[in-house]
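Chemist: Next come the chains, spelled out residue by residue.
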Amino acid sequence: MDRRLIVEHIPRLRRYARALVGDRYVADDLVQDTLERAWNKFYLWRPGSDLRAWLFTIMHNVFVNQARRRRYEIEQAMDEPPAVAVRATQGEQLELQDVDRMLRSLPSEQREVVLLVAVEQLTYEQVSRALGIPIGTVMSRLSRARERMRQLLGGQPVTSLKVVK
Amino acid sequence: MKPLDEIDVHAYVDGGLSESAKAELDARLRADPEDAERVRAYTEQNALLRSLYNPVLDEPVPAALLAIHPRAWRRYAVAAGTFALGIGLGWLVRGEFVTQVVVPVSIARLAATAHAVYAPEVRHPVEVSAKEEDHLVGWLSKRLGTTLKAPKLAPLGYELVGGRLLSGPQGPVAQFMYQDARGQRLTLYVSRQRGEPRDTAFRFSQEDRVSVFYWVDGNYGYALSGEMKRDQLLQVAEVVYKQLNP
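Chains as they are written, first to last, in my numbering: chain B, 1 to 165; chain P, 1 to 246.
Hints are supplied without guarantee of correctness; some may be wrong.
[Stated by the list, open to error] So these bits of chain B aren't anywhere near chain P, every CB distance computed over 10 Å:
id, residue
1, P11
2, D50
3, N61
4, A118
5, V119
[What the hints assert, rightly or not] Which stretches of chain P does chain B cover? Using the computed rule of at least three CB atoms under 8 Å from a CB of chain B, they are:
id, segment
6, 35 to 48
7, 53 to 64
In short, the hints are calculated from the structure, not lab data.
The C-beta atom is built at its ideal place from N, Cα and C for all residues, glycine as well.
The following block holds chain P by itself, in its conformation from the complex:
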């Protein structure tokens, strides 16, 4: 008897054999318990892997994935904006900053976690309050090894509460906290990034209840977090981005 064709064994398991080839193999397997056991085990593996991962199909698709648009649309938008409104520069800048580049997702998670920990804090939301803003910014700049700026968000109704130093995977992290008249808080998380300096797209991530916009600029990653809807946070994020990249 010629040895069993290995490809046929797998095709049998994966339902890729014709009826006649399947019947032939069935007969062979009845005579060979060892191969029959192998086929049973492989079939079981298929079933287990499917039952392990099929539930992902039923999960709601994260909004961030549905929000991805073809870059061509952005180009047309840029062109139309330039043509019709004659304010080319603003649009080009916009076109520039939505260009897609890869960013490690972890900054969004780290920032959201830090936000969730400190934003609800009543008595000690920050280490250094906004009353000592110069000292705060100077101190955090020194620890991160760059010149930081605390964006001015008062026109949007958010006042600086203060900031704190946190530790992250790449060393020190700065967190600035803002608050509006209703006590709604936002945090800006700034951390050093590993690897080559690069600039990335503006990205959105929903981390449980915390919405995060994040981007990388040179050696630093920025993430703005808040418990609010994407569009609401986007307005603030755009202002923050513009202030940090004048």
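Only chain B is shown next, with the shape it has when bound in the complex:
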């Protein structure tokens, strides 16, 4: 087993975890648990298949399990400002903070989908496999998440919300 295979994915796992839970320390803890589980289950990974999607699947499972147990801690973490280095001018920065706030306001199952698509740039099919949900569910969550963020960002009233079957 090649340790480097997994190690090179750590920065992206950290990015996704940070975006998902908001707090730097809670996020790295999520990454740590994901890596430990990945090591212990590495024999289940089929060489040649998408290792990154497989790691996201593990992180999703760890996250869902921990979210139950740690609801309190995560909610606390949500109250803190996002622990990311923001490279932006002041005007832009306000906007970035708004985006983060909106992201926090999404239900976590929508947040996962929108982040895997927008930030991690997985295909809808990869997202469907990583989260273990049908592609139609991926699309409806993505659609609802984007529409909600658009209304929050633009302050527009809810108009004819289009729902994907």
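With chain B's structure known, arrange chain P on it following the hints.
Modeler: The following block gives chain P in isolation, referenced to the frame of chain B:
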């Protein structure tokens, strides 16, 4: 004109459409300002989310994450140790205590913060000094509702300075402080944990300049903090762990 396919709208935003499908949708959007605005907003969301979180990629990866090894390696190490050296028990104990379990990270942060607050204190580093060790241990044991022990670290060059009672999210917390001949200080943080009793792995966390090894044993969480390198602290942490779990 048939209504716009919602899936196509998202695929357009995420770059998943073929050139021809993209051109077709472009034409549709020119005729429909409302959908065009939606596409613009979604595209902007993608860009904003990326610029918000991409900087994480440039951060150095914390050492604790790089230090995770496959458990299988540990098993081989345990087996080899048992076979070659014939001191099975020690290795099995070791194998036991590196087994991975989930621990809330917060104890490491709380312990590091408490360390950073009290360790530099010159005149009042502790509430009760080591001269009254029996009283100190008895008092903190009573407040935490368990029998505490202040580990003996003199063989490693660390003498007990004393201890204090702190408040934590789960109620009272005990902090023992140690110091070596050069004035280097270590603190042991003991707090009650919420939830079911459980035992966890030995874990490491780097909290700014403070290194922390932490673990959960039954209903109590332990964290040893010091401003020193991981390996140096690990030597002490192993001794502390062994003394508390004879």
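Chemist: If a hint holds in the structure, say so; if it does not, say that too.
Modeler: Comparing the hints with the structure gives:
{"no.": "1", "hint": "P11", "verdict": "5 Å, violated"}
{"no.": "2", "hint": "D50", "verdict": "16 Å, holds"}
{"no.": "3", "hint": "N61", "verdict": "12 Å, holds"}
{"no.": "4", "hint": "A118", "verdict": "4 Å, violated"}
{"no.": "5", "hint": "V119", "verdict": "5 Å, violated"}
{"no.": "6", "hint": "35 to 48", "verdict": "holds (count 6)"}
{"no.": "7", "hint": "53 to 64", "verdict": "holds (count 10)"}
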